[in-house]
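Chemist: Taken in order, these protein sequences are the chains called A and B.
Note that the working numbering gives residue 494 to position 494 of the first sequence, counting from 1, and the numbers run on in steps of one.
Note that the working numbering gives residue 121 to position 121 of the second sequence, counting from 1, and the numbers run on in steps of one.
If you are wondering where the hints come from, they were derived from the structure by calculation, not from laboratory data.
Heads up, none of these hints are tricks.
Some but not every residue of chain A turned toward chain B, in silico, with C-beta under 7 Å: (1) Asp88; (2) Pro159; (3) Gly160; (4) Arg164; (5) Gly216; (6) Ala220; (7) Leu224; (8) Asn246; (9) Asp248; (10) Trp249; (11) Phe250.
A quick note: this is a predicted structure, and the numbers were derived from the prediction, not measured.
Ideal Cβ placement from N, Cα and C applies to all residues, glycine included.
Below, each chain spelled out in residue letters.
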Amino acid sequence: MSFINPLKYAYLAIEAWFNVAFGSEWNPLYNMGRLTFFFFWVVLISGLYLFIFFDTSLSGAYASVEAITYEQKYFGGVMRSLHRYASDAVIITIILHMFREFALGRYNGFRWFSWITGVPTLWFVITLGITGYWLVWDELGLYVAKMSSELIDALPLIPGSMSRNFVGDQVSDRFFTLMAFLHFLGQPLFLVAALWLHVKRLSFVKVSAPQGLAIGSFIALLALSLAEPAVSHQAADAARVPAVLNLDWFYLNVYPLMDYFSAGHTWVITLSITFLLMILPWLPPKKAEPAAEVHLDHCNGCEQCADDCPYDAITVQARTDGAKFEHEVVVNPALCASCGICVGSCPSSNPFRQKNDSLVTGIDMPQRPINEIRDQMDAAIAKLKGDNKVIILGCEHALNFSSLEADNIQVVSLFCIGMMPATLVEYALVHGAEGVFITGCRTGDCFYRYGNVWMDERFDGERQPILRRRAERSRIKVFRAAITDKRRLHKELAEFQNHLKSLKQDQLSVKKEGSHE
Amino acid sequence: MNKIIRYGLQAFNYLLFIVVVWYFSINPPYHQLENDQAVIILSFTHATKIREACRKLSQEELMKLAPNMRLPTSCPRERSPLNIELYLDKKLLAKEVLQPLGFHKDQGVSIFKSIKVKAGEHVLRVWMNDDVNVDGSTYHYKEKINLKAEQLLLLDFDAGKKGFFVK
Chain A
1 MSFINPLKYA YLAIEAWFNV AFGSEWNPLY NMGRLTFFFF WVVLISGLYL FIFFDTSLSG
61 AYASVEAITY EQKYFGGVMR SLHRYASDAV IITIILHMFR EFALGRYNGF RWFSWITGVP
121 TLWFVITLGI TGYWLVWDEL GLYVAKMSSE LIDALPLIPG SMSRNFVGDQ VSDRFFTLMA
181 FLHFLGQPLF LVAALWLHVK RLSFVKVSAP QGLAIGSFIA LLALSLAEPA VSHQAADAAR
241 VPAVLNLDWF YLNVYPLMDY FSAGHTWVIT LSITFLLMIL PWLPPKKAEP AAEVHLDHCN
301 GCEQCADDCP YDAITVQART DGAKFEHEVV VNPALCASCG ICVGSCPSSN PFRQKNDSLV
361 TGIDMPQRPI NEIRDQMDAA IAKLKGDNKV IILGCEHALN FSSLEADNIQ VVSLFCIGMM
421 PATLVEYALV HGAEGVFITG CRTGDCFYRY GNVWMDERFD GERQPILRRR AERSRIKVFR
481 AAITDKRRLH KELAEFQNHL KSLKQDQLSV KKEGSHE
Chain B
1 MNKIIRYGLQ AFNYLLFIVV VWYFSINPPY HQLENDQAVI ILSFTHATKI REACRKLSQE
61 ELMKLAPNMR LPTSCPRERS PLNIELYLDK KLLAKEVLQP LGFHKDQGVS IFKSIKVKAG
121 EHVLRVWMND DVNVDGSTYH YKEKINLKAE QLLLLDFDAG KKGFFVK
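Given these sequences and hints, build the entire structure.
Modeler: As structure tokens, this is what we get:
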């Protein structure tokens, strides 16, 4: 959708600002999901503490919360405040997480499953917060109980009126205990199941926040808890309706809608918004790219592609073609993101192989096979003219770098930088490029999650297939850039060409010195 | 970049974050009532009268039934709808026609209506009909009330004991 582009631009600019402050590793905008899990931990631990002292009876709930808040010196009050504020922070991180995926166009196509399972998660969290406010049984708790009941009454689910339970002296301990059960066990179990489903199609899921970010966020919440402790309203009074309430707008924002619309209309509004969010991945439908294909004749069952696939789309099974190898890999097309990372993982993707023949690898992308990439590389090298000849290898999801092409600069683009066999860099250097400039998504922000990471590890010799030592590192430059970093990319490329020039001069002077001797 | 500047920027971002968390966790205050308002809640459940009385079946009607179903009388289960009007100082606050619940409309009627009104002295009047076979009201209630600001007044109904009453 074209209207997303300015949004993407603006969002990437904000991320760049956070990179300046936090660095890519601690950038909170790269870690919204992980931060959400971290805040859940804070909520869970503080909640367990509160549960020890909480009286789950209607008559004792308010007094027990007040005792936790005021009679435990600092600890109880701080734990309660951490519980409240970390819960609020969860809503912020979930909304920012969703907004980020939308702004960067990472919600449709193969990502539909993560998106569609993520949207209801927000509602699970909100209902969990609602029952939490209910349990305090202060004026706000009573308000939440009444308004929630009016909402439920608007559904054709239960005969009679649930709202009637919250006027007069009709609330029963039993109902209150049910709420406590829901908040302490029922809803958290649902939430855990929803989160499991949300990340089910991913591998290498990181659920713990980077240490620095976790420490910083915790200190921030602790400071807030000490400066502005969470407190209750007055005790619930069935004969009184307070004119003013301090609503927690992160959780209770639906209720004021009921002052302007009926409970039925409030359902229609909220369900419509939820439905629209849920179908977003198909507005418009995105054409599915062909999945990776396995060529068993060239696969030795090393399993590297299965290890590297960020979407758990490749599994290993016993060999079926009678070859001497123990295993073979199988691609599940429904899970395949068509990122091509498996091509970069396959040792058979080495472009030095089958030099005089068509290059066939163990696992390949039918829409752009490795042979075509090698042909592109050959053509690009052949086009290079002049001094400081550079091949740019880049990811299509970062910025558009085709405009950088010049007589001495040629471009070979890939679906993801992780698709690049490390030996392709060596191949370029051996066949005439003086330098290889590699670009792709910003560090920590790979469109396909792990392309950047795997490439770095292959270059560092930590992940197979490695970039061999004979590929001269001084002729290789990695600079990662988003669409907002075009100017910096130009600068880095120019500096790299100057560096190549000085390398050449150094080599010339060494040769001259050698001939003098 | 200088470490101190980086940490300073981080601190600024954390500060911004907790200010947002704190502000929206209690602000802006929500005014559900004006300062001089009170709330009247009309809420009760009531089994309205049966629409039709029991009648004896004719021999012909009995013969049409299966032998094990041949009861001499037929008692239709459907109940009357409930018509209710609530007035405050002659001003109509609510007017509802409620159908009995259940597939056969044989269960009670349930009403829950929350109405914001000005605090002060008022005359509360209810008119209700729960029987289709009676013209006019079957229950009527009139009461002088004095509502304080933020007070919740529950207007309840108990057919067996006292009819309408306020709590």
